[in-house]
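Asker: This is what each chain is made of:
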Amino acid sequence: MKLERFKSIVLFCLVVISIVLTTQIWLNISIEGIFIMSENKVDKTSELLSSDNDKASFIKPEKLIVNNNGERTLLLNETEVGMIYDRILDDAKDMLSVVFETKEGIELEKRQLDYMEKLRAGRTVELHFPFAFDYRLFAGILGINNPNWQEIKNIDAVVIGYDSNNVYIVDKADKSIYQFKSKSLKSSIRVMVDMINRGKPYSYIFLNDVDPERYSDVVFIPTDIEDRSMPKLSSYAETDINTSEDIASYFFKDPATLRSIVDPAGTVIYTDGEKQGVRISKSGVIEYVNYSTQSRNDKISFTIMDAVNIATNFVNTHMGFPKDSYISSIEQTFINNKLYSCIIRYNYRYEGIPIVNDEVSMDNPIEVEIVNGEVKRYRRVVKTVKITGQDKTLKNPLEIIDILFIRLINDKKIDIDDIMIKDIYLSYLEYGMSNPTSMIPVWIVEVQVEGSSNTEGRYIMNAESGVILSEPY
Amino acid sequence: MLRSKSIKIILAFAMVFVMMLSSAASIHARRLDNPIPVFDFINGIEEVDQPVKYNNKELSIKGKALEGTNITISTYWYKPSNGESIIFKYKDNVYYEDTDGEWLLQHTDECQVGLSRIFGVSVNIKPGKNKIVVETDNGESYELEIEYVDKQKITEKIGDLIFDRLNLEFK
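So the sequences go chain by chain: A and B. Going by this note's numbering, the residue at position 261 of the first sequence is 261; the numbering climbs one at a time, nothing skipped. Counting from 1 along the second sequence, just add 1000 to a position and that's the residue number in this note's numbering.
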């Protein structure tokens, strides 16, 4: 009798397991979703400088969009969903590594750029990078030095079908989407997306679906943000936290032997008198210059991959990277078809929102210039961010666009048909002269104006009031 | 002894049944990927087969209209006369229209179109038949019928169907 009862319980357990597993497999309800996973929250109030970042972690999308059969959302690298964000990113990189490394068993199909519309209508995640990565460089950063499929020149975005596990590489200059299909492409993105959907994410729309003439294909806005707010932040410069001597010690072995000058603006300059110097300004800009690089033999051969390695290692060992840093642009200069110099820029985000500093000479907070395979110049203006406890409501992005149109049409006398909105996104902007400096949420609108180059560029608008705080001139 | 054996048979049958039914539900759910059209009051709306099959609870309504146009978006849910029916409304591949039910207003949202000439609103819909009515203050309007299949509800229904009818008693 006892054995019979035991058998019945075992059978009952099997039925329950079958229900759980079939639910998970066929209806996209994750086991993690059924048995809620606990997550250790990381305190993000203090900015952690890291000096052990590997270069692959600097490939991050500017936008991570989740499409779910017509509904879509923007996933930010926030504390609450940080684990999910990282997992999607890691899975995407693993799948790309498989594509780059393997040729056998992978089917490639080249499609037109308008195939993106179909991908967006299905169940996919889109990773839009801040600039078009060179294909070989992208693979190299992921650790694959001789990738397959070298007909691909650039990677603007990567799309992953989370039901099919197909990988799509978007090359906008080539107007192509490269579709990769293989049984060896596996990921847990579907499970991650299921967890995102359980959190009732904000709905977003692409404005080019409505008006492709006036809005680019990455203008992606939330439809409803009445209940959404962002904390006002305060920030401290690295020069407020560290003494000039401490900062100089990152660049010179023996700071005691250095000569130092303080100019009337309070900028401290350290130099060894022959090769290197560091300027530390009161506003927080730290600039290192190696005077000797230009006079070196320009026959030294180096690649863009070498430059990324040199720059990343240099920043790692010279004050480190802020949390959530990523490569935001790469500018190359060639002399006689040979790479002569390049500037690698890095950006960082707070809770998934990029930080815009008030230093007009630096669009990006970290910049490294490599000449002849050596660091010539290194500039940074990195802030330690804290929450103030004050929240700011956000104006609907459509209202923000309206305010901008009024400014351009009424004050600058521009025809509305000549205006193209290239992008709109939230950021934090340093605002005011106090110490610590305030950081307020802003909408950044990137505009292209036909026949009026001095009005096109980046407009920074207070996210709460819509007041234009900065515009091109 | 006989009772225990019959429980085991029922449970084994349930296991096979769940696997078959959930697979079928999945196929049904995956097919629902028709795009929701843009409600364009300037150039006209693209024609779509209605009802549009959809499997998200939230629905983004987007459209285009001239500056200053007031837009009203209303969502209705069709209450069937014979109660809620999600899975078994198709019989022998023939769709039986329930004409005795009624449309219930669920929510109304208003907005004014600015210089961007774009409006966008998110609405929630209920499992079953829904109707979205987008109207302008100058009398133009578009209607769209949407059939929302809630995968979660299907899972629950499957569970209910199996376990409600089983009188599970273990000695």
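Keep in mind the hints are simulated off the structure, nothing from the lab. One or more of the hints may lead you astray.
Restricting the straight-line Cα-Cα distance to at most 20 Å, the calculated cross-link-like pairs of lysine to aspartate or glutamate (DMTMM-like) are [said to hold, decoys possible]: (1) 422(A) x 163(A); (2) 1053(B) x 62(A); (3) 1126(B) x 224(A); (4) 395(A) x 1109(B); (5) 181(A) x 62(A); (6) 118(A) x 1047(B); (7) 181(A) x 94(A); (8) 395(A) x 1067(B); (9) 200(A) x 1046(B); (10) 118(A) x 1049(B); (11) 1057(B) x 94(A); (12) 1053(B) x 117(A); (13) 1008(B) x 227(A); (14) 395(A) x 446(A); (15) 118(A) x 1067(B); (16) 422(A) x 456(A); (17) 181(A) x 306(A); (18) 1005(B) x 163(A); (19) 1053(B) x 1067(B); (20) 413(A) x 1046(B).
A partial selection of chain B residues facing chain A, derived with a Cβ cut-off under 8 Å [claimed, not checked]: (21) 1056; (22) 1066; (23) 1079; (24) 1114; (25) 1116; (26) 1117; (27) 1120.
Take a look, some chain A residues computed to stay more than 10 Å from chain B by CB distance [claimed, not checked]: (28) 8; (29) 15; (30) 69; (31) 78; (32) 130; (33) 136; (34) 144; (35) 151; (36) 188; (37) 200; (38) 205; (39) 241; (40) 245.
Treat the numbers as computed from the prediction; the structure is a model and nothing was measured. Each residue gets a CB set at the ideal place from its N, CA and C atoms; glycine is no exception.
Asker: Each hint should be assessed against the structure and marked as holding or not.
Answerer: Evaluation of the provided hints:
no.	hint	in the structure
1	422(A) x 163(A)	violated, 31 Å
2	1053(B) x 62(A)	violated, 32 Å
3	1126(B) x 224(A)	holds, 19 Å
4	395(A) x 1109(B)	holds, 18 Å
5	181(A) x 62(A)	violated, 25 Å
6	118(A) x 1047(B)	holds, 18 Å
7	181(A) x 94(A)	holds, 14 Å
8	395(A) x 1067(B)	holds, 19 Å
9	200(A) x 1046(B)	violated, 29 Å
10	118(A) x 1049(B)	holds, 18 Å
11	1057(B) x 94(A)	violated, 32 Å
12	1053(B) x 117(A)	holds, 18 Å
13	1008(B) x 227(A)	violated, 52 Å
14	395(A) x 446(A)	holds, 17 Å
15	118(A) x 1067(B)	violated, 30 Å
16	422(A) x 456(A)	holds, 10 Å
17	181(A) x 306(A)	violated, 31 Å
18	1005(B) x 163(A)	violated, 40 Å
19	1053(B) x 1067(B)	violated, 32 Å
20	413(A) x 1046(B)	violated, 34 Å
21	1056	holds, 4 Å
22	1066	violated, 12 Å
23	1079	violated, 24 Å
24	1114	holds, 4 Å
25	1116	holds, 5 Å
26	1117	holds, 7 Å
27	1120	holds, 4 Å
28	8	violated, 6 Å
29	15	violated, 5 Å
30	69	violated, 5 Å
31	78	holds, 20 Å
32	130	holds, 25 Å
33	136	holds, 36 Å
34	144	holds, 33 Å
35	151	holds, 31 Å
36	188	holds, 18 Å
37	200	violated, 8 Å
38	205	violated, 5 Å
39	241	holds, 43 Å
40	245	holds, 53 Å
Violated hints for the displayed structure, listed by number in ascending order: 1, 2, 5, 9, 11, 13, 15, 17, 18, 19, 20, 22, 23, 28, 29, 30, 37, 38.
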